[in-house]
Amino acid sequence: MGRKMKDVLAKSIIYLATGITLCVLLFIVGFIFVKGISLVNWDFLTRDYNEKVFYAFVQEEVVPMTIDAASLSQKDPYDKRYESSLEGPIYIENIGAAIAKVAYKNNATEKEQFVFSYIEKDSPLLSAIDSTGKKLSIGTDYILESINGTDFEGLSLEDVAAQINHETGELKIKVVQPGGGVRSNIITTLYMVLVSLLIALPLGIFGAIYLTEYAKPGRLVNIIRFAAECLAGIPSIIFGLFGMAFFVVALKFQISLLSGSLTVAIILLPVIIRSTEEALKTVPTAFREGSLALGATKLQTIFKVVLPCAVPGIATAVLLSIGRVVGESAALLLTAGTVAQIPGTLFSPGSTLTVQAYYVAKEEGNIELACAIGIVIIVIVIVLNILSRITSDKLNVFNKK
Amino acid sequence: MNKKIKFNAKNLDLYYGDFQALKSINLEICEKEVTAFIGPSGCGKSTFLRCLNRMNDLIDSVKIEGEIIFEGQDINGDIDVINLRTRVGMVFQKPNPFPMSIYENIAYGPKCQGVKDKTQLDTLVKESLVKAALWEEVKDRLNKSALGLSGGQQQRLCIARAIAMQPEVILMDEPTSALDPIATAKIEDLMSKLKKDYTIIIVTHSMQQAGRISDKTAFFLMGEVVEFNETPVIFTNPADKRTEDYITGRFG
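Residue numbers (UniProt numbering), protein chains in the order written: chain A, 1 to 401; chain B, 1 to 252.
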């Protein structure tokens with residue numbers, strides 16, 4: 001075989017490998033987007049996973065319909081969560097809104113519910129308040145359950161419409177805000193990123209400073225480095241088990257944001273130490289000598305000259321860490337729980353997006369929803385990456401000329 | 001010739017691990033003069049210079065024996081190294097301004113000593129830059145990064161930075177070896193002005209430079225001081241054959 005042939009062969013293998021990698025990547029991202037994108041909308045992002053039940057107090061007021069019947073029936077509030085409209089919609093004048101009877105798509109019991117399908121601009125529903133006088137927002141696809149104590153269960157749409165029309169004065173309506181959103185998961189994820197970085201960054205940076213600036217090269221440093229490298233290679237479920245045994249049980253932190261953050265912080269430490277160490281090593285010795293020759297102490301030299309120079313490297317560490325936290329699921333499943341709620345304190349549980357994706361895919365078999373969550377995760381990772389890149393550019397002392 | 005002696009090295013030996021880099025150095029360096037150290041690469045001149053402000057402390061394997069008396073005190077003994085370094089400033093071979101603004105570079109040393117007063121710092125920065133003949137060139141861009149300056153300007157900035165500490169001695173380790181002839185001329189010019197106020201010790205590879213600017217010259221070879229005398233004497237009438245050989249370019 002000639003040299004030319006070998007070259008062509010090697011080249012084609014290289015191109016093929018690159019192509020396959022690219023295709024796989026595109027396929028995965030594409031799959032997630034195609035499967036999940038239909039579920040991603042504003043409501044999905046801003047609603048909690050669990051339904052929210054509340055009583056709305058509404059002053060009855062007759063509002064005529066301003067659109068014709070044909071366009072009313074085309075209003076589609078069902079938001080993919082419902083199979084289809086079973087009956088209706090019917091416009092009810094004294095609350096200025098149309099309701100329809102629908103069945104829940106993913107609900108095993110196929111419960112039939114009444115939802116608002118259209119709300120007029122002047123509808124009294126828009127100025128609804130709760131029992132303490134706080135303003136409530138009611139939107140289309142919210143579920144009606146009762147009015148002034150009359151439960152709608154088992155009634156037909158006409159009966160419900162007649163019932164509502166019959167009431168006068170102040171109406172007390174039991175409304176359910178549909179769940180299925182990921183707001184709590186997004187916020188839990190951001191909390192988790194924040195708290196774990198707050199714990200791991202100082203530890204990691206100071207550890208790296210010790211290793212590069214203070215420690216005399218020798219056995220101890222090698223052991224620390226070896227340990228850090230080993231930590232980086234251990235699967236996160238092991239950290240999860242440790243976190244569960246130590247933080248959750250032994251320290252009695254419960255399954256909580258704190259336990260999760262501490263566990264993830266341990267996972268992050270090796271990454272942060274390694275990247276910071278590399279960053280500190282690239283700071284020229286000339287800067288250190290220059291600073292010391294000016295009568296600065298070692299500590300002043302490290303904090304005023306060496307660390308600012310290492311900012312880009314530390315930013316890389318932060319980037320990698322954010323990716324790790326957002327992507328972590330096994331360890332958090334065991335330490336932060338699967339409760340889809342916003343953790344009120346450090347000691348309350350909450351599920352991050354990845355854990356939630358696992359939960360809905362595994363426990364509910366809802367692949368579409370898991371993919372929709374996947375899209376949110378991808379977007380969050382991209383946004384956080386861009387943000388930290390911008391801050392690192394802003395802080396990079398070598399960029400300013 | 002009754003100048004006060006600033007540094008007095010007595011039987012100074014220095015080892016890098018097992019390697020003896022300085023062999024029983026005896027030197028007296030006078031105040032407010034330019035003293036030049038010349039010699040081939042690896043002869044120990046930079047190493048000796050770095051002994052004078054204890055920069056060799058940064059290297060773990062270094063072991064020093066003998067004395068260097070500075071203002072009546074042995075600096076190898078139990079002294080405050082930070083204090084020594086504020087009194088003995090240093091300029092390095094490659095310009096090493098910190099990646100900060102020009103102003104911050106000059107104010108760095110005083111700030112580390114706890115000077116916080118803004119007006120005091122402002123005056124100090126201006127005075128230092130004027131003394132280093134850099135003020136006119138940078139007065140409009142004090143808040144710009146020092147990395148934007150040319151090599152020669154950067155080196156003068158480093159000199160200004162050392163001056164801002166109001167030292168007694170300025171050590172210069174081949175300060176012009178990374179610069180072009182014009183920048184070199186400016187720095188040499190600066191040195192002859194500065195010697196009125198400061199004791200200057202310079203390591204140089206260029207014999208012409210030593211001849212032009214120094215009052216006294218020490219010739220180092222293999223870790224020993226072969227000859228130390230008034231510069232004109234060294235260059236015109238060296239006592240040692242090896243000095244003559246080096247100066248006339250027979251080796252080096």
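Any given hint might turn out to be false.
A few chain B positions that, by computed beta-carbon distances, are all more than 10 Å from chain A [what the hints assert, rightly or not]:
{"hint": "1", "residue": "8"}
{"hint": "2", "residue": "20"}
{"hint": "3", "residue": "60"}
{"hint": "4", "residue": "85"}
{"hint": "5", "residue": "98"}
{"hint": "6", "residue": "99"}
{"hint": "7", "residue": "120"}
{"hint": "8", "residue": "123"}
{"hint": "9", "residue": "147"}
{"hint": "10", "residue": "168"}
{"hint": "11", "residue": "227"}
{"hint": "12", "residue": "237"}
One-sided and incomplete, this derived list gives chain A residues near chain B with beta-carbon spacing under 8 Å [to be verified]:
{"hint": "13", "residue": "55"}
{"hint": "14", "residue": "286"}
{"hint": "15", "residue": "289"}
{"hint": "16", "residue": "290"}
{"hint": "17", "residue": "294"}
{"hint": "18", "residue": "295"}
{"hint": "19", "residue": "296"}
{"hint": "20", "residue": "297"}
{"hint": "21", "residue": "300"}
{"hint": "22", "residue": "302"}
{"hint": "23", "residue": "303"}
{"hint": "24", "residue": "307"}
{"hint": "25", "residue": "313"}
{"hint": "26", "residue": "398"}
Below, in silico cross-link-like pairs of lysine-lysine (DSSO-like), each with a Cα-Cα straight-line distance of 30 Å or less [said to hold, decoys possible]:
{"hint": "27", "chain 1": "B", "residue 1": "144", "chain 2": "B", "residue 2": "131"}
{"hint": "28", "chain 1": "B", "residue 1": "63", "chain 2": "B", "residue 2": "23"}
{"hint": "29", "chain 1": "A", "residue 1": "394", "chain 2": "B", "residue 2": "126"}
{"hint": "30", "chain 1": "A", "residue 1": "35", "chain 2": "A", "residue 2": "52"}
{"hint": "31", "chain 1": "B", "residue 1": "23", "chain 2": "A", "residue 2": "216"}
{"hint": "32", "chain 1": "A", "residue 1": "216", "chain 2": "B", "residue 2": "94"}
{"hint": "33", "chain 1": "B", "residue 1": "131", "chain 2": "A", "residue 2": "394"}
{"hint": "34", "chain 1": "B", "residue 1": "241", "chain 2": "A", "residue 2": "298"}
{"hint": "35", "chain 1": "A", "residue 1": "281", "chain 2": "B", "residue 2": "144"}
{"hint": "36", "chain 1": "B", "residue 1": "23", "chain 2": "B", "residue 2": "4"}
{"hint": "37", "chain 1": "B", "residue 1": "3", "chain 2": "A", "residue 2": "298"}
{"hint": "38", "chain 1": "B", "residue 1": "111", "chain 2": "B", "residue 2": "131"}
{"hint": "39", "chain 1": "A", "residue 1": "52", "chain 2": "A", "residue 2": "11"}
{"hint": "40", "chain 1": "B", "residue 1": "111", "chain 2": "B", "residue 2": "196"}
Calculated directly from the structure, the hints in this document are not laboratory data.
Fair warning: this is a prediction, and the values are worked out from it, not measured in the lab.
Heads up, the beta-carbon is just placed ideally off N, CA and C, and yes, glycines get one too.
Outcome of the hint check:
1. Consistency note on residue 8(B): stated as away from chain A, and its beta-carbon is indeed over 10 Å from all of that chain's, at 22 Å minimum.
2. Every CB of chain A is more than 10 Å from the CB of residue 20(B) (nearest about 23 Å), matching its label as outside the interface.
3. Once the 10 Å rule is applied to beta carbons, residue 60(B) is inconsistent with being away from chain A; the minimum gap is 7 Å.
4. Here residue 85(B) does not stay apart from chain A, with its beta-carbon only about 4 Å from theirs, under the 10 Å limit.
5. Not every CB of chain A lies more than 10 Å from the CB of residue 98(B), the least distance being 6 Å, so the non-interface label is violated.
6. With a least CB separation of 4 Å from chain A, residue 99(B) falls inside the 10 Å interface cut-off, contrary to its annotation.
7. For residue 120(B), the requirement that its beta carbon stay farther than 10 Å from each beta carbon of chain A is met, with the minimum near 17 Å.
8. Distance to chain A confirms residue 123(B) as a non-interface residue, since its nearest Cβ pair spans about 18 Å, more than 10 Å.
9. Interface exclusion of residue 147(B) from chain A breaks down, the closest Cβ pair being 6 Å apart, not more than 10 Å.
10. Non-interface call for residue 168(B) relative to chain A: holds, since the shortest CB-CB distance, roughly 13 Å, exceeds 10 Å.
11. The non-interface label for residue 227(B) is consistent with chain A: the shortest C-beta to C-beta separation is roughly 29 Å, beyond 10 Å.
12. With a minimum CB-CB distance of about 36 Å to chain A, residue 237(B) clears the 10 Å threshold, and the non-interface call stands.
13. Interface hint status for residue 55(A): violated, as the beta-carbon distance to the closest one in chain B is roughly 61 Å, over 8 Å.
14. Satisfaction of the interface hint for residue 286(A) is found here, the shortest Cβ-Cβ separation to chain B being roughly 4 Å, below the 8 Å cut-off.
15. A least Cβ separation of about 7 Å between residue 289(A) and chain B falls short of the 8 Å threshold, and the interface hint therefore holds.
16. Nearest Cβ of chain B to the Cβ of residue 290(A): about 4 Å, under the 8 Å cut. The hint holds.
17. With 8 Å as the threshold, the beta carbon of residue 294(A) comes within range of chain B, its nearest partner Cβ sitting at about 4 Å, so the hint holds.
18. Restraint check, residue 295(A) versus chain B: the minimum CB separation of about 4 Å is within 8 Å; hint holds.
19. This hint holds: residue 296(A) has a C-beta 4 Å from the nearest C-beta of chain B, less than the 8 Å allowed.
20. Because the beta carbon of residue 297(A) sits about 6 Å from the nearest beta carbon in chain B, less than 8 Å, this interface hint is met.
21. Here the hint on residue 300(A) is kept, as its CB sits about 5 Å from the closest CB of chain B, short of 8 Å.
22. The restraint placing residue 302(A) at the interface with chain B is violated, with a minimum CB-CB distance near 12 Å, outside the 8 Å limit.
23. The beta carbon of residue 303(A) is not positioned within 8 Å of any beta carbon in chain B (closest approach about 11 Å), and the interface hint is therefore violated.
24. For residue 307(A), the interface hint is violated, the least distance from its beta-carbon to any beta-carbon of chain B being 12 Å, above 8 Å.
25. About 14 Å separates the beta-carbon of residue 313(A) from the nearest beta-carbon of chain B, more than 8 Å, and the hint is not met.
26. Hint status for residue 398(A): holds, given a least beta-carbon distance of 5 Å to chain B, under 8 Å.
27. Among the hinted pairs, residue 144(B) with residue 131(B) is consistent with the structure: their alpha-carbon atoms are about 20 Å apart, no more than 30 Å.
28. A threshold of 30 Å between alpha carbons decides the hint, and for residue 63(B) with residue 23(B) the separation of about 12 Å falls inside it, so the pair holds.
29. A C-alpha spacing of about 28 Å is found between residue 394(A) and residue 126(B), which places the hinted pair at or below 30 Å, so the restraint holds.
30. A distance of roughly 27 Å separates the Cα atoms of residue 35(A) and residue 52(A); the hinted pair therefore holds under the 30 Å criterion.
31. Pair hint residue 23(B) plus residue 216(A) holds up; C-alpha atoms about 28 Å apart against a cutoff of 30 Å.
32. Using a Cα cut-off of 30 Å, the hinted pair residue 216(A) and residue 94(B) holds, with the two alpha carbons roughly 27 Å apart.
33. Restraint check for residue 131(B) and residue 394(A): not satisfied, since their Cα atoms lie roughly 33 Å apart, outside the 30 Å limit.
34. Annotation: proposed proximity of residue 241(B) to residue 298(A) is violated, straight-line Cα distance about 45 Å (limit 30 Å).
35. This hinted pair checks out: residue 281(A) and residue 144(B) have alpha carbons roughly 26 Å apart, not beyond 30 Å.
36. The straight-line distance between the Cα atoms of residue 23(B) and residue 4(B) is roughly 25 Å, inside the 30 Å bound, and the hint therefore holds.
37. With a CA separation close to 35 Å, the supplied pair residue 3(B) and residue 298(A) exceeds the 30 Å bound.
38. Between residue 111(B) and residue 131(B) the alpha-carbon distance is near 19 Å, which keeps this suggested pair within the 30 Å criterion.
39. Between residue 52(A) and residue 11(A), the direct Cα distance comes to roughly 59 Å. Violation of the 30 Å bound is thereby established for this hinted pair.
40. For the proposed pair residue 111(B) and residue 196(B), the alpha carbon gap of about 26 Å is at most 30 Å, so the pair holds.
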